[in-house]
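**Student:** Chain residues, written in single-letter form:
Number of protein chains: 2
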Amino acid sequence: MAFKLTILGCSSATPTLYRHSSAQILNVNERLFLIDCGEGAQIQMRKYHIKFQRIDHIFISHLHGDHYLGLMGLLFTFHLLGRTKEIHLYANADLKKIIDLQIEISKAKLFYPLIFHPIDDTVVNEIYSNNRISVTTFPLDHRIPTVGFLFKEKEKERKIDKEKIQVLEIPLEEFEKIKKGADFLDKNSGRLYKNSYLTFPNTAPVSYAYCSDTGYTESYLSVIKDVDLLYHEATFMQDKLDNAREKFHCTAIDAATIAAKANAGQLMLGHYSARYDDLNPLLREAKTVFENTLLAEDGLDMIIE
Amino acid sequence: MAFKLTILGCSSATPTLYRHSSAQILNVNERLFLIDCGEGAQIQMRKYHIKFQRIDHIFISHLHGDHYLGLMGLLFTFHLLGRTKEIHLYANADLKKIIDLQIEISKAKLFYPLIFHPIDDTVVNEIYSNNRISVTTFPLDHRIPTVGFLFKEKEKERKIDKEKIQVLEIPLEEFEKIKKGADFLDKNSGRLYKNSYLTFPNTAPVSYAYCSDTGYTESYLSVIKDVDLLYHEATFMQDKLDNAREKFHCTAIDAATIAAKANAGQLMLGHYSARYDDLNPLLREAKTVFENTLLAEDGLDMIIE
Chain H
2 MAFKLTILGC SSATPTLYRH SSAQILNVNE RLFLIDCGEG AQIQMRKYHI
52 KFQRIDHIFI SHLHGDHYLG LMGLLFTFHL LGRTKEIHLY ANADLKKIID
102 LQIEISKAKL FYPLIFHPID DTVVNEIYSN NRISVTTFPL DHRIPTVGFL
152 FKEKEKERKI DKEKIQVLEI PLEEFEKIKK GADFLDKNSG RLYKNSYLTF
202 PNTAPVSYAY CSDTGYTESY LSVIKDVDLL YHEATFMQDK LDNAREKFHC
252 TAIDAATIAA KANAGQLMLG HYSARYDDLN PLLREAKTVF ENTLLAEDGL
302 DMIIE
Chain G
2 MAFKLTILGC SSATPTLYRH SSAQILNVNE RLFLIDCGEG AQIQMRKYHI
52 KFQRIDHIFI SHLHGDHYLG LMGLLFTFHL LGRTKEIHLY ANADLKKIID
102 LQIEISKAKL FYPLIFHPID DTVVNEIYSN NRISVTTFPL DHRIPTVGFL
152 FKEKEKERKI DKEKIQVLEI PLEEFEKIKK GADFLDKNSG RLYKNSYLTF
202 PNTAPVSYAY CSDTGYTESY LSVIKDVDLL YHEATFMQDK LDNAREKFHC
252 TAIDAATIAA KANAGQLMLG HYSARYDDLN PLLREAKTVF ENTLLAEDGL
302 DMIIE
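Heads up: the protein sequence lines correspond to chains H and G, in order. Residue numbers for the first sequence follow the working numbering, beginning at 2 and rising by one. Residue numbers for the second sequence follow the working numbering, beginning at 2 and rising by one.
Treat the hints as calculated values from the structure; they're not laboratory data. Do not take every clue at face value.
For identical chains, the list gives no copy identity; a pair is met inside one copy or between any two copies.
[To be verified] Under the rule of at most 16 Å between Cα atoms (straight-line distance), these lysine to aspartate or glutamate pairs were calculated in the EDC-like manner:
1) Lys97 <-> Asp142
2) Lys160 <-> Asp95
3) Lys110 <-> Glu87
4) Lys108 <-> Asp95
5) Lys195 <-> Asp184
6) Lys248 <-> Glu156
7) Lys160 <-> Glu175
8) Lys108 <-> Asp142
9) Lys248 <-> Asp121
10) Lys52 <-> Glu31
11) Lys5 <-> Glu298
12) Lys181 <-> Asp162
13) Lys5 <-> Asp302
14) Lys155 <-> Asp57
Construct the complete structure from the given sequences, taking the supplied hints into account.
**Tutor:** And the structure:
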C-alpha cells in the first residue's frame with residue numbers, strides 16, 4: 002500500500018499568489034486524510050481534483066490562522082453538497098468554540114455529524130487507528146499548543162509462498178493463521194513447517210510525518226525515527242536564524258538536521274516565509290546537511306513508498 | 002471622480018474553481034473600500050494587483066460564511082505586513098465576537114487599531130461619510146440580519162467659467178464661495194452677477210449599490226433609486242424560483258425587475274449558484290426585463306460613471 006501526498010498549500014503565515022496556506026491531503030487507498038486546512042484549501046482541492054467526499058478525517062496541527070482558516074468554509078461546503086457521512090475532526094479543543102460560534106451566528110445546521118476529537122498536545126498519543134494505519138500526535142515547540150502527526154502503516158501480514166502451499170497441500174483454512182505468523186503441522190507426516198519456510202516478508206510499512214510549526218527541538222526524534230517521508234517546516238534561511246528562534250520556527254538547515262538525526266528516508270521542506278520567491282536557495286542549504294531533500298509546492302503529488 | 006469596481010469573487014455559498022466567494026473592491030480616488038470578504042479574497046487581491054494597504058474601510062453585508070470567511074486571514078495579513086494605520090470595519094455586531102475569539106485563541110495581537118462599527122440592520126442609515134462620498138446601509142430580506150450598501154458621491158461644487166472670471170477680474174478669494182453657489186457683487190460697477198452666469202454645473206455624482214443576499218423585496222427601491230450601477234444577487238434562474246423564495250435569494254429576473262423599478266443606470270448580476278457553469282442564460286433572462294445588464298466575473302474591472 003502506498004501513501005499519496007498532495008500539497009494544497011505550503012506558505013507560512015501570509016499566502017502568496019503561488020503558495021496557499023498550509024493544507025495537504027494524504028491518500029491511503031482512496032481514503033483521504035486532510036492535514037491542516039489553511040484559507041482556500043477547498044478551492045485548491047477543486048483545482049487538484051481531490052474528491053471532497055472521500056475525506057472523513059481532518060487533522061489540525063494548531064490554531065494559527067494559516068493552518069485552519071479554510072476549515073469553516075469546507076465544513077459549510079460539505080453541508081451544501083449534501084454530505085450525511087460523519088466527519089472526524091482532530092484538533093485543539095478551542096477549535097470547537099470557533100466552529101460552534103460561527104455555526105450559531107450564521108444560523109446554520111450541518112446535515113452531517115461533526116465528531117470532534119480534542120488533541121492533548123502535551124503527550125505522544127495515538128489518536129486514530131484503523132486496520133491499515135495509525136495516526137500519532139507528538140508535541141511541537143511553538144508559541145501556542147501545536148502537534149505533529151505521524152501517519153504509519155501497520156505491520157503487514159507475511160505473504161504466503163504459493164508453491165510450498167501447493168506442494169504441501171495446506172488446507173485453505175490454515176492460510177490466515179500462516180499469514181499472521183503461525184507454523185504448520187502436517188498431521189499426515191507429523192512434520193512441523195516453520196512459518197519462515199512457508200512465507201515471505203511483506204513490503205515494509207510506509208510512514209509519513211508532518212511537523213509544522215515548530216522551533217528547533219529534538220524532542221520528537223524518537224517518534225519520527227526512520228520515517229519514510231518527513232514534511233518539516235523551513236520558514237527561513239540560515240541568515241534569518243534569529244528570526245526563526247524568536248518566532249519558534251525552523252530554518253531549512255534545522256529541518257535537514259532533524260531529518261538526518263531521525264534517519265528519515267526523504268525530507269520535504271515547506272511552510273516558507275512569503276519573502277522567498279525562489280525556493281532553491283532553501284533547498285541548497287538543506288541539502289548541505291541532508292541530501293535527499295525536496296521542496297513542497299502547491300499541487301505537488303507524491304507517492305510515499 | 003469615477004468609481005472603479007473590481008470583482009474578487011461572485012459565487013454564492015460554495016466557491017468554484019473560477020468563482021470565489023463574494024468580495025469586491027470599490028476604488029474611489031485610490032482609496033479602497035472592501036465590500037464583503039469571502040474566503041480567498043486576499044489571494045484574489047494579489048492576483049488582481051490590489052494594493053492592500055490602501056484599504057481603510059471594510060463593509061460586511063451579513064454573517065454567512067461566503068461573505069466573511071476571508072476576513073480573519075486578511076486582518077492577520079495586514080498585521081504581518083506591518084500595518085499600523087487604523088482599519089474601520091462595518092458589520093453585524095456578532096462579527097466582533099468571531100474575530101475576538103480567534104485573536105484570543107491564536108494569542109495574536111494586531112499592531113494596528115481595528116475599529117469596529119456595528120451595523121443596525123433594521124433601518125436605513127448613513128454609516129460613513131467623508132468629503133467625497135457617503136455610505137448608507139439598508140435592510141435586505143435574508144435569513145439572518147443582512148444589509149445592502151449604497152456608495153454615493155457627494156454633490157460636487159460647480160465649475161467656474163474661467164473666461165468670465167478673467168473679464169470681470171474677480172479676485173481669487175471669491176472663487177471658493179462662487180464654487181459653492183454664491184453670486185458675485187462687483188463693487189466697482191455695483192452690478193450683481195448670478196452664480197449661474199459665472200459657473201457650469203459639474204458632472205453628476207456617481208453612485209453604486211450592492212445588494213447581496215436578499216429575497217425579492219421592493220423595500221429598498223427608494224434608497225437605490227437612480228443608482229448608476231446596481232450589483233444585485235441573482236443566485237438562480239427563473240426555473241428555480243421556488244428555491245430562490247425558500248432560501249431568501251433572487252433570480253436573475255428578480256434582480257432585473259429591481260433594476261428597472263429603481264431606474265438603475267446599469268445592472269450587474271452576481272452571487273451565482275455553483276450549479277451554473279455558463280452564466281449567459283442568466284444574463285439572457287435578466288435582459289428580457291432590463292437590457293443594460295452585465296455579468297460579474299472574478300477579476301472584472303469596471304469604471305462607474
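**Student:** Please go over all the hints and tell whether each is borne out by the structure.
**Tutor:** Here is how each hint holds up against the structure:
1. Taking the closest pair of Cα atoms, Lys97 and Asp142 never come within 16 Å of each other, the shortest separation being 22 Å inside a single copy and 30 Å across copies.
2. In this assembly of identical chains, the alpha carbons of Lys160 and Asp95 never lie at most 16 Å apart, being 45 Å within a copy and 60 Å across copies at closest.
3. Taking the shortest alpha-carbon separations for Lys110 and Glu87, only the intra-copy value of 14 Å comes in at or below 16 Å, while the best inter-copy value is 35 Å.
4. Within a single copy, Lys108 and Asp95 get their C-alpha atoms only as close as 20 Å, which misses the 16 Å cut-off; across copies the closest is 12 Å, which meets it.
5. For the identical chains of this complex, Lys195 and Asp184 are intra-copy neighbours only, at 5 Å inside a copy versus 114 Å across copies, given an alpha-carbon limit of 16 Å.
6. When the C-alpha separation of Lys248 and Glu156 is checked against a cutoff of 16 Å, the pair qualifies neither within a copy, at 38 Å, nor between copies, at 51 Å.
7. For the homomeric pair Lys160 and Glu175, the shortest alpha-carbon distance inside one copy (13 Å) is at most 16 Å, but the shortest distance between copies (100 Å) is not.
8. With identical chains, the CA atoms of Lys108 and Asp142 are at most 16 Å apart between copies only, with a shortest distance of 15 Å across copies and 37 Å within one.
9. For the identical chains of this complex, Lys248 and Asp121 are neighbours neither inside a copy (22 Å) nor across copies (40 Å), given an alpha-carbon limit of 16 Å.
10. Taking the shortest alpha-carbon separations for Lys52 and Glu31, only the intra-copy value of 9 Å comes in at or below 16 Å, while the best inter-copy value is 42 Å.
11. With identical chains, the CA atoms of Lys5 and Glu298 are at most 16 Å apart within one copy only, with a shortest distance of 15 Å there and 35 Å across copies.
12. In this homomeric assembly, Lys181 and Asp162 come within 16 Å of each other (Cα to Cα) only inside a single copy, at 13 Å, whereas the closest approach across copies is 99 Å.
13. When the C-alpha separation of Lys5 and Asp302 is checked against a cutoff of 16 Å, the pair qualifies only within one copy, where the shortest distance is 7 Å, while the shortest distance between copies is 40 Å.
14. In this assembly of identical chains, Lys155 and Asp57 lie within 16 Å of each other by CA distance neither inside one copy nor across copies; the values are 19 Å within and 54 Å between.
Checked against the numbered hints given earlier, this structure breaks hints 1, 2, 6, 9, 14; the rest are met.
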